[in-house]
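Going down the list, the protein sequences come from chains A and B.
The opening residue of the first sequence carries number 1 in the working numbering; numbering runs sequentially from there.
The opening residue of the second sequence carries number 559 in the working numbering; numbering runs sequentially from there.
No lab work stands behind these hints, which were simulated from the structure alone.
We treat Cβ as the ideally placed atom computed from N, Cα and C, and that holds for glycine.
Lysine-lysine pairs mimicking DSS-like chemistry, simulated, CA-CA at most 25 Å apart:
| hint | chain 1 | residue 1 | chain 2 | residue 2 |
| --- | --- | --- | --- | --- |
| 1 | B | K677 | A | K364 |
| 2 | A | K367 | B | K680 |
| 3 | A | K7 | B | K721 |
| 4 | A | K8 | B | K730 |
| 5 | B | K565 | A | K262 |
| 6 | A | K364 | B | K680 |
Chain B regions said to be covered by chain A (calculated; three or more residues, Cβ under 8 Å):
| hint | stretch |
| --- | --- |
| 7 | 580-587 |
| 8 | 592-603 |
| 9 | 608-620 |
| 10 | 636-646 |
| 11 | 653-666 |
| 12 | 669-682 |
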Amino acid sequence: MLQKPGKKIILLGNEAIVRGALESGVQFVSTYPGTPASEIGNTFFRIDKRAKIYFEFSTNEKVALEAAIGASFSGLKTLVAMKNFGTNVALDALIPFVYTGTKGPTVIISADDPSCHSSAQSEENTRGISYLVHIPILEPSDPQECKDFTKLAFKISEKFKIPVIIRTTTRVAHQRAPVKLSKVTKPGNVIGEFIKDPERFVTMPPRVLEMKKELLKKIEEIKKFSEKSPINQISRGRASVSSKLGVITSGVSYLYVREALKELNLNLPVLKLGFFYPLPEKKIQNFIKKFKKVLIVEELEPYLEKEIERLAKTANPKLQIFGKNLLPEVGELKPEIVTSTIAKFANYKLKIENLLKIENWKLKIPKRFPQLCPGCPYWLVFGAVKKAVDPKKVIFGGDIGCYMLAGLSPHFLQDYLSCMGSSIGIAHGIKKATNPASAIASAGKQKLITFIGDSTFFHAGIPALINTVFNKSNPLIIVMENQTTAMTGHQPHPGAPLVPNGIKIEEIVKACGVKNLKIIDPINQEEFINAVKEFLEKSEVSVIIATHPCIFVAPKNA
Amino acid sequence: MPKNLEKFNIVIVGTGGQGLITLLQIIAEAALFEGYEVRTSELHGLSQRGGSVEAHIRFGQKIYSPLVSQGKADLILGLEMQEALRGIYFANQKTKFLLNKQIILIPLVKNLTETEILKNLKKIGKVILIPAAETCQKEFNTNVVAGIYLISLASFKNLIPLKPNSISRAIKKIIPEKYLELNLKTFKLAKVY
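Chain A extracted, bound-state conformation:
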């Protein structure tokens, strides 16, 4: 990662982002791991000392962004990385940050996962937050652009004093390709200085409304920058066809478009948008004004298509716009989908006789779902719970981590699953809703057990736990303490015992006012089963800390 300039080396999109940040002279990096963004943090974690920069795994994405804001306010060049859902968590901090603007340039990486390869909860298109937040968003399509766009994002941030988002998707973040290295900029003095400037850093009315005016003005200026930026690039097609048809695309879809045009031997003009927000509206209008038909190739919701429909009203009212009438709005695009769509769009006959009709086969290939590793301590927890209760009579709350596999065979112990930390928050609501206040002294008819990992507990579980105590409900919460953030690649979290002087979850639980607490290694099945039975009868919230390290965590004193 710290190799010499001039070389071409194969990098993962996420690694290329790291290299881009290093070439920009990044000084402060924070993150919370989440696929498909995790390797950004992992790489910084590996090299931070040698690169002489500050790096941290923060408790959650909001805290990571807040740390970045503090570093930026103190003048440091800052990068913060997260997956799409993390950006939702961080949103409350993000909006005022765009109002105050940056002091040290700040780049935020937000990674979407179309087709939900590694994401429960929703198929999110984070581009949409640009309308809510007024934050510039760039969309790279490959590792080289991951590096180049990260550097450009730092420049935009420096020039306009605004944070900039790089939005990747799985097929960009987890794409490998050769990347040409440039010079790493030494981070220099990573000790910043906070210089008081309440006019700038305090968002309070009436000043906050002035800030909004300033922000909208900034966006107008960045729009001019976007108009001239080479990352919004037009490749002209052959003159004979180029007067009639054009394609507009962005992100990894651009690579599928190029592949399709090569495959079909078509030479259509293509506008590739590196900026999603603010869009280079004049450039788009110039591009579309001569066409009869334009095809918008974008993944998920048709944000570009809607913008282009609006821009065509003045630039070319007769223009026929194709997009989601030919392409799916759910699931990622694939090269074969884009090829057949462009063929349709250009009235080109596609030879498909070579494609095998798999759906016509009688043979059923059994599905292979992900499962817990052999030897994973969660097998013991789920096994004990099944022995302690009749699963049909208990509600099971799921949360985000390896243990969400509770929902699959052979466990089937998951009745709801939403976002990080929500197993507890929703459990409280279910308990309150299903047990009348008059029955508060009893355990209630519908019993409820939630599973939440240790890293997830630190991330978003604690306020929800406090709520069960404060507002008096009685779920049984099983904290799956495997001592690591396993699902995303075993990143450390604040908990003991792996972190020197790490925080003990039992002390947090006690401090929240929970009286029914047991810490049990699930290897002691009898004890675990008895604790589940006992706690389900309680009229107050109970917590079992199921403590046993993940098989990938090296035992400290072995």
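For this one, chain A is given, so just place chain B on it according to the hints.
Just chain B, lined up with the frame of chain A:
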């Protein structure tokens, strides 16, 4: 760079934990050594936990998409036989299937037999069945290097248009010091198959 090769598409299929990403990295480095453009695609996180996984590698004169299109694979490398059958999405009549003769059972459902799998794969493309896991287990007392054995074999038998020397150079670049000797022994073992 050999001028006659326009592009070569590989899909590796198997189960999470079989080391697909390492194989992908080795083939990509070997292709870069030979002066090709190269792009790959892989998955991490939940999708890696023992479920079905596929990795895509494309190299040649000019490569755009990191994903192999439906029906466009030149080589499908099957580390597990049932998963290889899933790989037919990427196959055409000319596709070669290089298979590790191993079935990793899916619990609690009816699994397909080797005979059923082979019968169906042979309807489509050319099948080369190699007892890679078994050979490695016998020789090294572990089958973790079965994939290395297969890609090495592929280069020796011209099933992949990359020189064996490029593969061994790439193994040296990608595999950590600790496991390098085992992997290089595996490479050599594939030469005498």
